[in-house]
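Asker: If you're matching positions, the sequence shown starts at 1 in the working numbering and goes up one per residue.
Hints listed in this document are in silico derivations from the structure and should not be mistaken for laboratory results.
Cβ coordinates follow ideal geometry from the N, Cα and C atoms, glycine included.
Incorrect hints may appear among the rest.
Stated by the list, open to error - Just the calculated beta-carbon pair ranges, DEER-fashion: (1) 55 to 77: 16 to 24 Å; (2) 51 to 27: 31 to 39 Å; (3) 56 to 77: 12 to 20 Å; (4) 19 to 77: 27 to 35 Å; (5) 10 to 52: 13 to 21 Å.
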Amino acid sequence: MTTGRSPIRTGMQVVGDDGRVAGQVQDVHDFDFIMIRPDRPPIYVPFMAVGQVSDDLVELNIPADEVDTQDWAEAPVE
Numbered sequence: 001m002t003t004g005r006s007p008i009r010t011g012m013q014v015v016g017d018d019g020r021v022a023g024q025v026q027d028v029h030d031f032d033f034i035m036i037r038p039d040r041p042p043i044y045v046p047f048m049a050v051g052q053v054s055d056d057l058v059e060l061n062i063p064a065d066e067v068d069t070q071d072w073a074e075a076p077v078e
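Could you put the whole structure together from the sequences, leaning on the hints where they help?
Answerer: What follows is the structure, given as structure tokens:
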């Protein structure tokens, strides 16, 4: 995921490895993407947290309910 052009695109749905919806891709950067969620602030999800990408779906390598336990509230320093 960290080499070459990312297959992640704006508007893709994001789910945890448990299949539960975590959010939606708002923007894609070089090393992460911004994920928006209803009633929560946007977060910066690093590509290393992505398990797989298929069609219009990004699957994280953690359960959806663990997203808020990660330190993803601010953009990483590149």
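Asker: Determine which of the earlier numbered hints do not hold for this structure and return their numbers in increasing order.
Answerer: 1, 2, 3
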